[in-house]
Amino acid sequence: MLAIVPEAARFRYLLAWTALAVLLCALPLFLSYSQKEILVFTTINVILVVSYRHLTLTGEWSLGHVVMMGCGAYGSALASKQLGLAVPLSMLTGGVCAALVGWLLSYPLFRMKGFYFLIGSFAAGEVIRLLWKRFRDPFGGPKGLKRVPGLEEFEFAGLRIDFFDPVPYYFFSLAVAIVCIWLLWRIERSPLGWSYHAVHWGDDLARSVGIPTRRLRRRAMVTASFFAGISGALLVHYVGTVNPSRFNVEEMVYVLTWAIVGGVATLYGPILGVVSLTIVNEIILREFGLDQWRPLFYGALLIASVLFLPKGLESLVAPARSMLSRLWTRSA
Amino acid sequence: MKNLKNFGGSFSRRRLLAGANALSVSLLSSGLFPRLARSGEPIKIGFLAPLTGEVAAWGKPGLDGCLIWAEWVNALGGVKLGNERHNIEFVAYDNEYDPGKARTGAAKLIREDGVQFIMMLGGDTWPGVQPVAERSGMLVSTLLPSDLTPDTTTLIAPAEVHPIYNVTGVEWMAETFPNLKSAVICAQDDALGLPSLATYLAAFEAEGIELQQDPLLFDPATTDFAPIVTKMLSSNPDIVSLDTCYSDYVHPICEQLFQQGYEGKVISCTADFYEQIIEKTSKEFMEGFIFQFPDFDDPALNDPRVNFKDPNDFFREYNRRYPGEWGAVSWEYASIMDLWKEAAEKAGSAEPEKVLAAMKSGGKGAHAFGEANWWGREFFGIDNALVGNWPVVVIEDGKARVKAYKSIPDWYDRHGELLIRHMEALGQMYYQRG
Numbered sequence: 377m378l379a380i381v382p383e384a385a386r387f388r389y390l391l392a393w394t395a396l397a398v399l400l401c402a403l404p405l406f407l408s409y410s411q412k413e414i415l416v417f418t419t420i421n422v423i424l425v426v427s428y429r430h431l432t433l434t435g436e437w438s439l440g441h442v443v444m445m446g447c448g449a450y451g452s453a454l455a456s457k458q459l460g461l462a463v464p465l466s467m468l469t470g471g472v473c474a475a476l477v478g479w480l481l482s483y484p485l486f487r488m489k490g491f492y493f494l495i496g497s498f499a500a501g502e503v504i505r506l507l508w509k510r511f512r513d514p515f516g517g518p519k520g521l522k523r524v525p526g527l528e529e530f531e532f533a534g535l536r537i538d539f540f541d542p543v544p545y546y547f548f549s550l551a552v553a554i555v556c557i558w559l560l561w562r563i564e565r566s567p568l569g570w571s572y573h574a575v576h577w578g579d580d581l582a583r584s585v586g587i588p589t590r591r592l593r594r595r596a597m598v599t600a601s602f603f604a605g606i607s608g609a610l611l612v613h614y615v616g617t618v619n620p621s622r623f624n625v626e627e628m629v630y631v632l633t634w635a636i637v638g639g640v641a642t643l644y645g646p647i648l649g650v651v652s653l654t655i656v657n658e659i660i661l662r663e664f665g666l667d668q669w670r671p672l673f674y675g676a677l678l679i680a681s682v683l684f685l686p687k688g689l690e691s692l693v694a695p696a697r698s699m700l701s702r703l704w705t706r707s708a
Numbered sequence: 055m056k057n058l059k060n061f062g063g064s065f066s067r068r069r070l071l072a073g074a075n076a077l078s079v080s081l082l083s084s085g086l087f088p089r090l091a092r093s094g095e096p097i098k099i100g101f102l103a104p105l106t107g108e109v110a111a112w113g114k115p116g117l118d119g120c121l122i123w124a125e126w127v128n129a130l131g132g133v134k135l136g137n138e139r140h141n142i143e144f145v146a147y148d149n150e151y152d153p154g155k156a157r158t159g160a161a162k163l164i165r166e167d168g169v170q171f172i173m174m175l176g177g178d179t180w181p182g183v184q185p186v187a188e189r190s191g192m193l194v195s196t197l198l199p200s201d202l203t204p205d206t207t208t209l210i211a212p213a214e215v216h217p218i219y220n221v222t223g224v225e226w227m228a229e230t231f232p233n234l235k236s237a238v239i240c241a242q243d244d245a246l247g248l249p250s251l252a253t254y255l256a257a258f259e260a261e262g263i264e265l266q267q268d269p270l271l272f273d274p275a276t277t278d279f280a281p282i283v284t285k286m287l288s289s290n291p292d293i294v295s296l297d298t299c300y301s302d303y304v305h306p307i308c309e310q311l312f313q314q315g316y317e318g319k320v321i322s323c324t325a326d327f328y329e330q331i332i333e334k335t336s337k338e339f340m341e342g343f344i345f346q347f348p349d350f351d352d353p354a355l356n357d358p359r360v361n362f363k364d365p366n367d368f369f370r371e372y373n374r375r376y377p378g379e380w381g382a383v384s385w386e387y388a389s390i391m392d393l394w395k396e397a398a399e400k401a402g403s404a405e406p407e408k409v410l411a412a413m414k415s416g417g418k419g420a421h422a423f424g425e426a427n428w429w430g431r432e433f434f435g436i437d438n439a440l441v442g443n444w445p446v447v448v449i450e451d452g453k454a455r456v457k458a459y460k461s462i463p464d465w466y467d468r469h470g471e472l473l474i475r476h477m478e479a480l481g482q483m484y485y486q487r488g
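Chains A and B supply the protein sequences, listed in that same order. Counting with this note's numbering, you get residues 377 to 708 for the letters of the first sequence. Counting with this note's numbering, you get residues 55 to 488 for the letters of the second sequence.
Since the hints were derived computationally from the structure, they do not count as laboratory data. Take these hints with a grain of salt, some might be off.
As the list claims (entries may be wrong) - Under 7 angstroms between C-beta atoms, here's a sample of chain B residues computed to sit facing chain A:
#: 1; residue: Thr158
#: 2; residue: Ala161
#: 3; residue: Arg165
#: 4; residue: Pro185
As the list claims (entries may be wrong) - Computed beta-carbon distance windows for the label pairs:
#: 5; chain 1: B; residue 1: Gln267; chain 2: A; residue 2: Pro464; range: 45 to 51 angstroms
#: 6; chain 1: B; residue 1: Thr207; chain 2: A; residue 2: Ala551; range: 32 to 38 angstroms
#: 7; chain 1: B; residue 1: Pro232; chain 2: A; residue 2: Glu663; range: 58 to 64 angstroms
#: 8; chain 1: B; residue 1: Gly191; chain 2: A; residue 2: Val629; range: 34 to 40 angstroms
#: 9; chain 1: B; residue 1: Gln313; chain 2: A; residue 2: Phe684; range: 42 to 48 angstroms
#: 10; chain 1: B; residue 1: Glu407; chain 2: A; residue 2: Pro525; range: 23 to 29 angstroms
As the list claims (entries may be wrong) - Okay, the calculated bits of chain A under chain B, using three or more residues with CB under 8 angstroms as the criterion:
#: 11; stretch: 409-415
#: 12; stretch: 607-616
#: 13; stretch: 621-630
Even glycine gets a Cβ: it sits at the ideal position worked out from N, Cα and C.
Next up, chain A with everything else stripped away, as it sits in the complex (with noise of 0.2 angstroms):
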């Protein structure tokens, strides 16, 4: 019986896998044109807070990883437009962009701690918003930066794959969202990751056995703010234009209320959160006509989330997980 549990449970864990892949990969057919414009968006999205949960592993909240996604942007944006540079190539110096950016800010900013760096991450972010719309060249100025090249079609068996549709540009998105995925869940596993953990609940305890906490922190900025820069890097060349306006503090509630919702405990919190608060903010809501009631419910819903669900959706799953493990196990 104890060898057949572990076969069991890898079946299962093969089996939702497997499951999850097919969902992810058939998603598109169930889906109208303009929700599949928002499940690129959100996948996007879910980049973004994933890597915004991996800066929160130390102990620290920013308010200032919208802006990191700017900068990853605009770095690719500008890559393409005025290097040439291929747009996978520009992406990547997006994402490498936004961490030099992150490396620079970390050294004032982790001279702060807790509610300071909140604040300092707030400040921060607001000076890079203001130097992008101070310097019209060449960040544009108010304005931002427009026609900004997508990636380039592609002939592949005799079809057409232009990325200024949503299902292609979905995939492509999907995948890079994977491997980042992949990537920060391998880092966080590791004992890199585990020290980030250290970090975040014993920092002094963790300081009196030689971890360099400082550091730890610097690298938890610059790894999340590279992630950061790719999905704004995947965003600029999918909507074709960048303005500061993008990357407000308005936009960072949107991340921090995925993130609460979500949990961030968990590599799945945040993922719950921002798809489940996409699915409810830009289709059920519009969908019932309810466009301009949307900021209403969207903040009763945090509010409740809050209430009822403190430690956010993840919480959820682990006795869903048990309930379906029972009714396997009882089936068989």
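Chain B: place on chain A using the hints.
Below, chain B alone, put in the same frame as chain A:
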């Protein structure tokens, strides 16, 4: 040719590709391009503007105005295309002033709702919509002509040529109050504030009004306007210009001007919800406030040159349904619909390409405030802005009153070079943007 065995011997790759091609063509014709309304079917018009968020004041009141417009037009039989009559139905999508959401909204309106025309606020959201509009050939209108460039062939700015009409307010002020010779100006540092700033600078220079200090550009996130007003008033100006500030800025700036004892002239592009400003300041303080957007109960709007239909009734009905919501854009989208309806009836079709051709035929159009010219090649690289007269509005005894209609083309003929010079200095000409 290698046959695809799974599909039977007669099914070749060539046939598969041909089938796929046919399918894609049918999908394209059903989705990507605008669907034509059949006999008696309503014609759908897309309304793609911010209905929530900070910029909602320039979207939501416009949608409300359009709903009244549609009700009235439908009650009279709708739009007559050839021998068929069609009702008008508006389909709204809240783009939250975000280019990504605007792109999604445009795709939905065109592919799923089958609209024949899309009205937008424009600005930051237009670049997201542009490729969708280009691919589908959809006719789109904007309230912000700074979106126009030589390649925006299906984008028109038929209601307001912001910010160029601001010159009319300055011109009227200089004629009426020739003793006012010094000014200060503040503006939010964004896509709306900067071209407007260039316009006011050109208009002041044209009238020999001296700017006493460099323009004060504030961040759109600013909430405390006391220091800005203090700095402006330190040079004791005759005129304070509020540029094209959002109403969220106009109100607190006016409050500060009032509290800091300013008694000079104030000129602004907009004064949305000015009754609230009067409540926060005083009737005396707001007396003589100059701006550019009339209330439509103004008797001056019954001038025979004005093309907007039943402006007084429209204003009355609007205020009955949406009390306290009348703003700069309440009538603008509806006036665009007047122009679209006339062009569609002239073309006998709602097809975007035909409507655009009918709209621009002869190079003139019926603008809300009188006959106007399709203009803009020098300024936007394309003649897709409808420019003619614009009213100058002054608050008198707590009520907005049209004092004059001034010609924008006449001003431009005299001072166009000045305007281009200031626009270039701020990087706002179409060849300098983005």
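Check each numbered hint from earlier against the structure, then list the numbers of those it violates in ascending order.
-> none
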